[in-house]
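Protein chains: 2
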Amino acid sequence: MHRIDNLQYANWSEKIFRQMREGEVDAVHVTISYHENFRETVANIEKWNLWFERFPDLIFHGKTGNDVRLARKTNRTAIFFGFQNPSPIEDDIGLVEICHMLGARFMQLTYNNQSLLATGCYEAEDTGITRMGKQVIKEMNRIGLVVDMSHSAERSTLDAMEVSERPIAITHANPYFWHAALRNKSDEVLKALGQSGGMLGFSLYPHHLKGKSDCTLESFCEMIAKTAELIGVENIGLGSDLCQDQPDSIVEWMRVGRWSKEIDYGEGSASDAGFPPMPEWFQDNRDFGNIEQGLKDIGFSQTETAGIMGENWLRFYDENFEAVK
Amino acid sequence: MHRIDNLQYANWSEKIFRQMREGEVDAVHVTISYHENFRETVANIEKWNLWFERFPDLIFHGKTGNDVRLARKTNRTAIFFGFQNPSPIEDDIGLVEICHMLGARFMQLTYNNQSLLATGCYEAEDTGITRMGKQVIKEMNRIGLVVDMSHSAERSTLDAMEVSERPIAITHANPYFWHAALRNKSDEVLKALGQSGGMLGFSLYPHHLKGKSDCTLESFCEMIAKTAELIGVENIGLGSDLCQDQPDSIVEWMRVGRWSKEIDYGEGSASDAGFPPMPEWFQDNRDFGNIEQGLKDIGFSQTETAGIMGENWLRFYDENFEAVK
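Quick mapping for you: the protein sequence lines, in order, are chains A and B.
Residue numbering for the first sequence is 1 to 325, as defined by my numbering.
Residue numbering for the second sequence is 1 to 325, as defined by my numbering.
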């Protein structure tokens, strides 16, 4: 059984890489860019290259599903790159392939705001996929760069599934029926996602949780069981959104980037502006065993549990990270 | 037997790719950048990606020696990327690995002028490898990006062989003993190159040829025979420097880039500023058979001829394009 966490953005350190091993996490999809342009994204990849060079016994750069299997065999964690915004490709469709050559495997079409490609979930109006968006989805399909709509608005998300000829992902979000947050997804989106062979990664970011930081493991696992009924147990996995050891200045960067001179609190508020505390049963990479136990306790079979903990993502990686032969 | 041309900078077109196939050229090392910075280099790679997409039956992006074998098997030409200047890595050592991830396999430390790394062959003083140059050579060695000293000055070239822990290449130049051009190489450099397991690619650019455009095939092959005696028949191959279909504005860009407001004629002159005409026995990729015949006529064995025509470069590719395991 492979364990995969399909979204983290930690303040990376040897400590965290060691915790990934302690938690037996075979693969992590890490965010490389929020608002960075191409050159800044390259600088972030350079930092990862340094970590790969310094900690070859703990981590390596993952590019295909087989790298997850290699990670398990060699007791390391395969690190997969992704972007939460299309800012790294700027206005240049040729950069889609360049970014894939550099290892990118997921790219969100929007991060909260309108982008060149689609509408983000915080905009008042959602006009769907743009002209450039259609071209870029086609190119992403050709190359094997997965469309991620975690931070996108409803119509844009449904549009993306329509336009994309390969399954898309919502790497880190929860169902709106469980917790009515703007970032969580409607039944309609979730059903369409499952029907098109897409994947949902459940988020452990407290703003996406019922009861926020006080959310119970049982409630989280009940929600997973209901979602499995709605969209299929093969189409779900984890995308914890773990932002371990990040200073609060980082959540401000995520929210505001360079696009506003005024503070936007996003899912927080003026009185609660920083990173919220994680639930006590999921503090870091060592706690995936708690979720696995919770899934079994709620009644998932061994195979279903293995699927949710990583095998479903692994199948999705196998099928979606390369050009169609 | 594999045919490899280890340096071309043509005005690429379907016509030229078809001529590569007609000439049974299994691999070509193409110049991606002369004076381009990182972002401009990426734009040039984007152009290549488009050619790979448009002409998949003729060419593909080569990354390892095995891609040369694949090319032969599938009747295509593997295209390997290289830089004639370190301008693509700017002042950022992390870009060495990024450029390798994007496919770069050769990088000249200088192009005629002093660079951040070493001294070019047109400078009055040659101070050898710089502080950054030593660091960059170490990083190139680690990653599998080959040091190319074709346009470098004497001391810098000898220094580079001393500093580098892996063999280096002079991808396109000829011996000074045959034609006393500033770009051609001294016996001392050539001997040190052979002793260190490096490779020399013979140039067909008329300014590097005895008699220039009127150079005979026999004279060219006699020169190869003498060089083989000097440095070993395993350490030589071809690097034609073919600049097919390029307008004369391109040779001006090569020579002057953005570094001077005055014209510098390089190997040419005010009255002879453009690209010189190629020898009649080597007009384009279809003419490699002439050279092969010339090598046999001068007395090279079948095995030696195969080595010079491509097998020597193939061995060098196998050993030098990846990190040392």
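It cannot be assumed that every hint is accurate.
No copy labels: a pair is met if it fits in one copy or bridges any two.
Computed list of lysine-lysine pairs in DSSO-like fashion (alpha-carbon distance at most 30 Å, straight line) [what the hints assert, rightly or not]: (1) 15 <-> 325; (2) 47 <-> 73; (3) 191 <-> 296; (4) 325 <-> 210; (5) 63 <-> 73; (6) 261 <-> 296; (7) 325 <-> 138; (8) 73 <-> 226; (9) 212 <-> 47; (10) 296 <-> 47; (11) 15 <-> 138; (12) 138 <-> 210; (13) 47 <-> 325; (14) 226 <-> 134; (15) 191 <-> 63.
The set of hints was computed from the structure by calculation and includes no laboratory data.
These numbers were taken from a predicted model, which means no experiment stands behind them.
Comparing the hints with the structure gives:
1. 15 <-> 325: between (40 Å within a copy, 27 Å between copies)
2. 47 <-> 73: Result: close within a single copy only, 26 Å intra versus 39 Å inter.
3. 191 <-> 296: within (24 Å within a copy, 70 Å between copies)
4. 325 <-> 210: neither (43 Å within a copy, 49 Å between copies)
5. 63 <-> 73: both (16 Å within a copy, 26 Å between copies)
6. 261 <-> 296: For residue 261 and residue 296, neither the intra-copy (47 Å) nor the inter-copy (73 Å) Cα distance is at most 30 Å.
7. 325 <-> 138: within (16 Å within a copy, 38 Å between copies)
8. 73 <-> 226: Neither, since 34 Å and 53 Å both go past 30 Å.
9. 212 <-> 47: neither (32 Å within a copy, 48 Å between copies)
10. 296 <-> 47: Neither. Shortest intra-copy (38 Å) and inter-copy (52 Å) distances fail the 30 Å Cα cut-off.
11. 15 <-> 138: between (39 Å within a copy, 28 Å between copies)
12. 138 <-> 210: Neither, since 36 Å and 53 Å both go past 30 Å.
13. 47 <-> 325: The answer is between: 22 Å across copies meets 30 Å, while 32 Å in one copy does not.
14. 226 <-> 134: Answer is neither: 33 Å inside a copy and 60 Å across each miss the 30 Å cutoff.
15. 191 <-> 63: within (29 Å within a copy, 42 Å between copies)
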